[in-house]
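Make the full structure from the sequences, and use the hints.
If you're matching them up, the sequences are chains H, P and V in order.
Residues 1 to 619 (the working numbering) make up the first sequence, in order.
Residues 1 to 414 (the working numbering) make up the second sequence, in order.
Residues 1 to 177 (the working numbering) make up the third sequence, in order.
Worth flagging that the hints you see were computed from the coordinates, not collected in a lab.
The beta-carbon is built from N, C-alpha and C at its ideal position, and this holds for glycine as well.
Check the hints yourself; a few may be wrong.
No more than 30 Å apart at the CA atoms, straight line, and that leaves these computed lysine-lysine pairs for DSSO-like [to be verified]: (1) P:Lys319 - H:Lys204; (2) V:Lys8 - P:Lys255; (3) V:Lys8 - P:Lys49.
Residues from chain P that keep clear of chain V, each with C-beta distances beyond 10 Å, as calculated [said to hold, decoys possible]: (4) Leu52; (5) Leu143; (6) Gly207; (7) Lys215; (8) Lys257; (9) Arg376.
Here are some, though not all, of the chain V residues that point toward chain P, as calculated from beta-carbon distances under 8 Å [what the hints assert, rightly or not]: (10) Ala25; (11) Phe78; (12) Arg89; (13) His129; (14) Gln156.
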Amino acid sequence: MSDKDKPVGSGGSRPAEGAPTTSPAAKVGSEPSNPPAPPTATGERAGHEAQPASKPPAPPAGGPPPKPAPKNPGMVTFTVNGLEVVVKPGTNMIEAAKQVGVEIPYYCYHPRLSIAANCRMCLVEASNAPKLVPACQTPCAEGVAVKTDTFKVQDQERATMEFYLLNHPVDCAICDQAGECKLQDYYMRYDAKPSRLEGQKVLKNKRKVLGPLVVLDQERCILCTRCVRFMAEIPQEPQLGVFGRGSHEVIDVFPGAELNSNYAGNTVDICPVGALLNRDFRFKARAWFLSAAPSVCTGCSRGCSTYVDFFEQDTYRYRPRENEAINKSWMCDQGRVSYKYLSQGRVKLAYIGRGADVREATRAEALKELAGKLAPLKGKVSVLASPLSSNEDLLASLAFAQEVLGAKEVFVGGRPSGAADHLLMTADKNPNRKGLEWVAAGLGLALRPFEELSKGIEGGKIKALYAIGAEVPVDAGKFAQSLQKLELLVVQAINENAITAQAHYLLPATPHTEDEGTFSNLDGITQRFRKAYPGQGESQPHWKWASELMNELGLTTRYNSAREVFRALSARVPELKSFEWDKNAPPARERGGVRPLPTGADGRPMGRREFGEPRVRGI
Amino acid sequence: MSESKPIPAGHHAVIPAPDHELDAELQTKRMQINLGPSHPAMHGTVRLKVELEGETIVTADPEIGFLHRGFQKSCENVTWNQVLPYTDRLNYLSALMNNFGFLNAVERLMGVEIPERAQYIRVVGSELHRIHDHLTCVGAISLELGGFAGFLYGLEARELVMDRVTELTGARLTTSFGRVGGVNRDLPPGWIEKVLKTLDKVKELAGEVDALLTKNRIFTDRMRGTGMISTDDALDFGFTGPCLRANGVDYDVRKAKPYWVYDQLDFDVPIGSNGDNFDRYLMRIEELKQSDRIIRQALAKIPDGPVILDDWRIVLPPKPEVYGTIEGVISHFKLVMEGVPVPAGEVYDSTEAANGELGWYLVSDGTGRPYKCHVRAPGFPILSAVPRMIEGRMLADLIPTFDTINMIGGEVEQ
Amino acid sequence: MSNYALEKVASRYPEALDERYVDRAGDAWGVVKPAALREVMALLRNDPELQFRLFISADAVDRLNLPVPTPRFEVVYFLKSLKRNEHVRLKVRVDEDHATVPSVAPIFQGANWWERFIFDFYGISFEGHPDLRRILMYEEFKGHPLRKDYGLRERQPLVPERPIKDIFRGPGTNGAQ
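Right under this line is the structure:
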């Protein structure tokens, strides 16, 4: 609009001060076929570099001119396309240019990995270097004028793109990456010229299975080595390498080995093209049909920030969302494939009765009958809470248990513990154990270990059980057998299992993708997650069941949203009191009111499933 | 409705006693009648709530929206090229002019110039559809004033034009022809000769219509001096095209701000003087002849060359490149899935459509879809002036007035 | 292009224009303060040198999803001067909370329907408009469909037939259910 029409200091329109050192020597051989000088560690060295090449024969006395005094002490000041940038010493040009909205294209650079500078896409013109310099590798130096839009740079970008596409297969139609592929983006932006290839493309292995989660199409690979560097540096399990030479260079695992790291899935995320693909997701959905909701992984108590990529009411994959405090840009493979419980084996309706007497019921019917059963049992119902539920679910449900059922203690359910690893994955496989501890303590309820519940049921001490979530840390089948003794078993469950089969009242609950809420991870960090889609079938969140049961049993308290629950009850929990529910919300998933339509016609630009720009650096 | 005397419903109007008994006026009461929305004389689906005092129209209130299709909202959610089918349905009698007008505005926003041959093709297509539009309008006037023959002659000629348009675009009515950057198809072989022959025949048939109507007493009696509007009012309301020129205002976008190759072609803009139905009719008869001139010149001058830009950022690559090279398939994929990347900005641009200035106010936010797609349909302001043109006149004048302004529901109601 | 007209407006009413700029296609725009809109319109129309007599059109833009989303609405006006053979492009910016613009219908009769259109589709009301009601949508319609927060596929309930009191329809329900 108008604000864009104005020439807001448009880059490059006015020439930068002290533009390139155009001595004849610098002009000859401008073709950057050879990489420029080795990486420079500091701004000081970069400043010296240009000296020998462009020095005129009659220098002023006293060696090289003194280094210019920094304009901003302690910082480096220079210009990108004429726009002044002030950065910390050592910042590379890509990150510095981002500060003023200048985008420098790159494939191999990743802000969390070491610099390889092999993709040659980010070459820019700098006034202190005779040739183009890789922006990813070159730290900014005081007073340098960087230009990203000159003919020389554009020509280089076009040439690079042409070489990348030379051997690239004609695969967009069958490639999972289509729509979120950097080759496509950059081709349209920097090349857009027909192919000049004569003859055949180099053929390589199209479907090399690297490991349980990752498959490689070597023809699509552009050898940026992001995946190699990732495996070596982040999980420090160097399972990938570059093999061969020249056009026949390929990424591969070492002979006899496989890519079985728990972090292999991240190589798919950081692969800028469609070479590394997720075997779990491959051919399941086209990227442009999926919407993304900012969410939290429920695979373990680490609580990695994720995007939930969904279409209609099904989740198709998790992708890591950047969170400096928890998972940086990564997530583990076990978490990555843990989305499956969101759609498989769900309890979608309310059921009354067990065994042969079981019948479907509407929510209202089930509530009414259940309320009648619970009313006389006040103080005699034990409560089992699952740390898979969100803080809001627990706040409302435990408050209900305390006030209406008269509970004084809560038994802790949840998934059994498993293996931990060295990076992100923890042994506790429940995302909100901390939250459960906080909420119970805040409400004045005692937490009891699960074994006591088992003993109590075996011993016949417990006659009625109210379960918020059907996950148990022991073998569900065995435990379910003991449940047959109970006179009343109410289960609010997401998934069907042996326990839900024993319930007198089975109420369908929603997982985190179907409502808003918060989880508190093992370090005590509380995170908001957004609702992706409405509850499947008749399911509704635990807090809503609690709220409706309260109303059914005569209480007037009514909660209409998770936000209301948090507002009303979090004051009783000191750890949650300070959490600002609204402020800590990640942006909503998409523009209001727009549902995914075919042919990508839902108003979002392709490859931008998130609201606005994707919040993962380096993709 | 209410400037007039309030008369309670069901009561007779109190009319002062006449001086002479034989002059006694028929006791009458005001009557509200509905014209439309489903009435053969209400082109498209306009409802006209008319209050009558005898046969005189006291107030008229057009109610529109029965043909509203959410044009703008639809356009905001599709890519720039996908807007074309929606523009077909604005003025469905001259779809090509809508297609090309929209594309012209988009190209202006992008700052690209289309190849010369494409500009000639756009001129030829536009003028063919101008002939088509005017023939339909004139034929409809004839029909609704009781002359079926004129309608049949008009439609026979119109069908010939339509056949040529079909050969060019592949569609009879909803052409969706042209793409951002040019036109999507070159002229079919032998088409030019066919068009020239068609023009001869159209000229003959239009002459018949002209001869049947222009000096026909019955016709002129109903057209002359009816549906008058003053020049001041016409400007104020936003009349453009033949309706404005019937008032003697020389404004034609093709001359005022020549686009494509109109400045290289020799044609006149007919100007009327009275601003009544008859002049509006004459403008159309005269423009038929001028369009004929334009097409003949354009077809004689049309140069060889490409019909669309050769830039894969804007225009789909040739199919062999799409199927055979990765460059082609990427370009195709991105253009189809994301749309033509029109840079962020805004533009108002207009072309001369059959009924007047067809204006487009487009806003792009830099993605492949329009952020805002305002269309200034020439019929919209003209229809808004209908009460002004017929209030105080006879009910029978409404029909020719409605005919000569050539209201097209599709463009007015978007 | 029409810089002269805006120049003249600026010199006559120095406070009236918030901003002037040239768009991508090279056309000049003037952003008018709502309060000064009528004065500016009257000047453009009546000044013997300018004579922007032909009212081309008006529409609005919802800036909700643009990089600069406030003020939320822009009402745009296009006038044509046959004397100078040029268009003038004006816009008025209004907030969502006070989405009211002075009507120019008293100056240009042609603005009447366009303002009704904007009212219908964006919910911007026009002060001093003689007959401000919906034009294309029906009275019972809730919301304003061209606002960016109105969903593409939103549905509205069917409305019952309106009883028509002043029209005798013969035997039947006469519109009443």
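Hints versus structure:
1. Distance hint between Lys319 (chain P) and Lys204 (chain H) is fulfilled; the C-alpha atoms sit about 26 Å from each other, no more than 30 Å.
2. Restraint check: the Cα-Cα separation between Lys8 (chain V) and Lys255 (chain P) comes to about 26 Å, which is no more than 30 Å; the hinted pair holds.
3. Taking the CA atoms of Lys8 (chain V) and Lys49 (chain P), the gap is about 43 Å. The hint is violated against a cut of 30 Å.
4. The beta carbon of Leu52 (chain P) sits about 13 Å from the closest Cβ of chain V, which is more than 10 Å, so the claim that it is off the interface holds.
5. No beta-carbon of chain V is positioned within 10 Å of the beta-carbon of Leu143 (chain P); the least distance is around 28 Å.
6. The beta carbon of Gly207 (chain P) is kept farther than 10 Å from every beta carbon of chain V, the shortest such distance being approximately 33 Å.
7. No beta-carbon of chain V comes within 10 Å of the beta-carbon of Lys215 (chain P); the shortest separation is about 32 Å.
8. Its beta-carbon lying about 7 Å from the closest one in chain V, Lys257 (chain P) breaks the requirement of being farther than 10 Å from that chain.
9. At roughly 4 Å, the least C-beta separation between Arg376 (chain P) and chain V is not larger than 10 Å, which violates its mark as non-interface.
10. Against a cut-off of 8 Å between C-beta atoms, the interface hint on Ala25 (chain V) holds, since the closest Cβ of chain P lies about 5 Å away.
11. Annotation: Phe78 (chain V) was flagged as interfacial toward chain P, and the flag holds, the nearest CB pair being 6 Å apart, inside 8 Å.
12. The interface hint given for Arg89 (chain V) holds, since its Cβ lies 6 Å from the closest Cβ of chain P, which is under the 8 Å cut-off.
13. Interface restraint check for His129 (chain V): the shortest CB-CB distance to chain P comes to about 13 Å, outside 8 Å, so the restraint is violated.
14. The criterion of a C-beta within 8 Å of any C-beta in chain P is not met by Gln156 (chain V), whose closest approach is roughly 12 Å, and the hint is violated.
In summary, the numbered hints that this structure violates are 3, 8, 9, 13, 14.
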